[in-house]
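A.B. asks: Listed below, chain by chain, are the residues.
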Amino acid sequence: MLLSAGAAIDKLVPEGTGLLAVGGMHMHNNPMELVRELTRRRRRVRRLLTSPSASLAADLLIGAGLVDEIATAYIGFEHLGLAPAYRRAAESGAINVLELCEAAIVHGLYAGAGGLPFIALPAGLELSDVSSANAEHFRTITDPFTGDRVLVAASLRPDVALIHALAADERGNVFFAGAHFTDRLMAMAAKTVIVQVERMAEAGEISAQPAESVLPGFLVTAVVVAPRGCLPTASHGAYGYDEPALRAYLKLARTEEGFAEYLQVNAMAVAEVTA
Amino acid sequence: MSIAVAAEYSTGELMATVMARQLRPGEVAIMGAVSALPQAACRLAQLTTAPGLWFIAGGSGAVNPHLEPLVASSCDERLLDADAVMTLPDVILVEGRGDLIDVFFAGGLQIDARGNCNLGPVGPWRHPTLRGPGGVGLPFVARAGRVVIYSMSHDRRTFVERVDFVSGPGFPVRPGGLPGGGPSLIVTPLCTMDFDPGTQLARLATLHPGVTLDQVLEATGFAPTIPTKLETTPAPTPEELTILRRLDPAGLLRGGAGR
Chain A
1 MLLSAGAAID KLVPEGTGLL AVGGMHMHNN PMELVRELTR RRRRVRRLLT
51 SPSASLAADL LIGAGLVDEI ATAYIGFEHL GLAPAYRRAA ESGAINVLEL
101 CEAAIVHGLY AGAGGLPFIA LPAGLELSDV SSANAEHFRT ITDPFTGDRV
151 LVAASLRPDV ALIHALAADE RGNVFFAGAH FTDRLMAMAA KTVIVQVERM
201 AEAGEISAQP AESVLPGFLV TAVVVAPRGC LPTASHGAYG YDEPALRAYL
251 KLARTEEGFA EYLQVNAMAV AEVTA
Chain R
276 MSIAVAAEYS TGELMATVMA RQLRPGEVAI MGAVSALPQA ACRLAQLTTA
326 PGLWFIAGGS GAVNPHLEPL VASSCDERLL DADAVMTLPD VILVEGRGDL
376 IDVFFAGGLQ IDARGNCNLG PVGPWRHPTL RGPGGVGLPF VARAGRVVIY
426 SMSHDRRTFV ERVDFVSGPG FPVRPGGLPG GGPSLIVTPL CTMDFDPGTQ
476 LARLATLHPG VTLDQVLEAT GFAPTIPTKL ETTPAPTPEE LTILRRLDPA
526 GLLRGGAGR
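Protein chains in written order, with our numbering: chain A, 1 to 275; chain R, 276 to 534.
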């Protein structure tokens with residue numbers, strides 16, 4: 001199903017979505033066009049799940065006040081700085097933080113994709129405070145084979161996943177360029193999948209890709225064509241991240257007023273493009 | 276025998292050199308976000324003392340990126356110009372195996388005397404005074420051969436008696452079959468510290484050229500063990516510095532803002 005960004009959010013992301021997963025990694029391949037449509041429509045999300053390292057997409061949704069709980073292992077901007085809206089929301093208690101590690105996220109999505117009820121984690125991961133501080137997501141059980149104590153994590157089955165890929169065909173087959181991070185896994189685990197792409201694929205282009213770079217159309221609910229729609233984050237295979245624009249966001253978002261101004265200007269800019 | 280020493284170098288370049296000298300031929304190293312420094316160290320080691328070293332460049336999944344020039348983001352597409360590329364879920368799988376990763380480069384907003392690292396909440400967990408970004412893969416340090424901790428800040432906010440939240444666990448490494456050997460070295464802008472095998476507490480190892488013991492103690496929130504003989508960190512050689520400058524024309528290791 002080929003939809004505009006606005007129509008995809010209207011049709012497929014209900015108000016109060018229980019678990020929304022947003023893909024990309026650091027300031028790369030964030031599906032920003034879809035995220036901006038969420039903020040324009042003020043769609044509230046009960047729990048937002050990020051890839052192991054999130055950036056602008058998560059910070060924007062949190063700053064817009066649309067997220068009750070964030071499940072993440074990292075939200076930041078690497079060398080550019082910490083995530084201002086996430087900091088403000090977490091430090092004031094405005095948002096509940098389910099602090100996970102990359103193993104709990106990635107293996108949890110694997111469990112979700114494969115119908116595994118939960119997933120056992122390697123010994124040693126219980127030594128960090130992640131599992132003890134977030135006990136609702138972890139249990140310690142007895143390994144039925146060895147009798148050892150073993151840390152297990154809940155499986156993750158997003159209601160909706162928003163991800164980005166380079167191109168798609170009319171049947172919803174998509175392919176990724178560069179690194180696809182955990183986006184393929186997120187799509188395989190989610191019930192509803194919206195893929196934002198740079199462009200439509202050319203004939204034969206997808207079947208020529210290596211198998212692990214492709215997501216078949218039966219796993220994709222809707223495709224949204226949004227050229228340069230990841231900016232100011234990067235889109236692998238298309239463009240790099242816009243560092244001055246990210247720095248401008250980080251500067252503005254230091255205050256709530258500045259953040260509101262950023263959101264306002266961005267939503268308006270998007271409206272002009274889609275009009 | 277006197278070893279030639281480069282005349283002028285930055286703190287970042289000195290730290291990269293120290294970290295490079297930790298690596299051995301044929302080992303496998305891994306690093307996370309904001310990783311220009313360990314990436315430079317790995318590339319330098321490959322070209323000098325550790326030929327055949329493998330390194331996985333964080334979230335990109337790139338194995339031995341060719342990295343000329345260095346890039347600032349760990350997921351930059353340019354890293355994929357590499358000897359090989361793994362998918363990120365595959366990287367996270369093998370981090371858990373426990374017998375593949377020899378060296379894990381770690382860091383923290385807080386680092387303590389036992390080598391615990393915190394990239395999560397500073398202060399109370401539920402109402403932190405500083406909400407750090409999060410530890411990503413740091414719990415996996417328990418599955419790595421040894422852990423090299425680095426920090427671009429050396430002050431009492433960073434080096435604390437006890438971290439508020441353990442993202443990456445330090446000593447005591449629990450007995451009973453855990454693969455991880457624990458933290459082996461801390462590299463800061465002022466000094467290097469290793470760990471006393473008896474007490475498993477941080478012990479000053481070397482002071483960087485021009486840095487005094489008082490300066491380090493003043494900037495450290497715990498009391499490191501002080502050995503009877505304190506060496507000076509060997510400065511980069513002209514060869515090492517030439518390689519680093521070639522890898523890093525934008526000056527990421529010299530405080531540059533380039534990408």
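Simulated from the structure, these hints should not be mistaken for lab results.
Be aware that one or more of the hints could be misleading.
25 Å max Cα-Cα, derived SDA-like pairs, lysine to any residue [what the hints assert, rightly or not]: (1) A/191 with A/94; (2) A/251 with R/530; (3) A/191 with R/362; (4) A/251 with R/362.
Which residues of chain A face chain R? A partial, calculated answer using Cβ under 8 Å [unchecked claim]: (5) 73; (6) 83; (7) 93; (8) 94; (9) 133; (10) 137; (11) 202; (12) 214; (13) 217; (14) 234.
Owing to the predicted nature of the structure, the values given are computational and were not obtained by experimental measurement.
The beta carbon of each residue, even a glycine, is placed where N, CA and C say it ideally should be.
A.B. asks: With the threshold set at 25 Å, check whether the alpha-carbon distance from residue 191 of chain A to residue 362 of chain R stays at or below it.
C.D. replies: With a Cα-Cα distance of about 23 Å, the restraint between residue 191 of chain A and residue 362 of chain R holds, given a limit of 25 Å.
A.B. asks: Quick check on residue 83 of chain A please, does its C-beta sit within 8 Å of some C-beta on chain R?
C.D. replies: Residue 83 of chain A check passes; min Cβ-Cβ to chain R is 7 Å, inside 8 Å.
A.B. asks: When the nearest CB of chain R is found for residue 234 of chain A, is that gap smaller than 8 Å?
C.D. replies: 7 Å, holds
A.B. asks: Let me know if the C-beta of residue 137 of chain A comes in closer than 8 Å to any C-beta of chain R, holds or violated.
C.D. replies: 13 Å, violated
A.B. asks: Would you check whether residue 214 of chain A satisfies its interface hint, that is, whether its CB is within less than 8 Å of any CB in chain R?
C.D. replies: 13 Å, violated
A.B. asks: Do the numbers back the hint for residue 202 of chain A, that is, is its least Cβ distance to chain R under 8 Å?
C.D. replies: At 21 Å from the nearest chain R Cβ, residue 202 of chain A fails the 8 Å test, so the hint is violated.
A.B. asks: Given residue 133 of chain A as an interface hint, is its Cβ closer than 8 Å to any Cβ of chain R?
C.D. replies: Check passed: Cβ of residue 133 of chain A comes within 5 Å of chain R, closer than 8 Å.
A.B. asks: Against chain R, run the beta carbon of residue 94 of chain A and see if the smallest gap drops under 8 Å.
C.D. replies: 11 Å, violated
A.B. asks: Are residue 217 of chain A and chain R close enough, Cβ to Cβ, to be under 8 Å, as the hint says?
C.D. replies: 21 Å, violated
A.B. asks: Hint check: residue 251 of chain A vs residue 362 of chain R, CA-CA at most 25 Å. Holds or violated?
C.D. replies: Status violated; Cα separation ~33 Å.
A.B. asks: Against chain R, is residue 93 of chain A within 8 Å by beta-carbon distance?
C.D. replies: Residue 93 of chain A check passes; min Cβ-Cβ to chain R is 6 Å, inside 8 Å.
A.B. asks: Holds or violated: residue 251 of chain A with residue 530 of chain R, Cα cutoff 25 Å?
C.D. replies: Holds - the C-alpha atoms of residue 530 of chain R and residue 251 of chain A are around 20 Å apart, at most 25 Å.
In terms of the numbered hints stated before, the structure departs from hints 1, 4, 8, 10, 11, 12 and 13, listed from lowest to highest.
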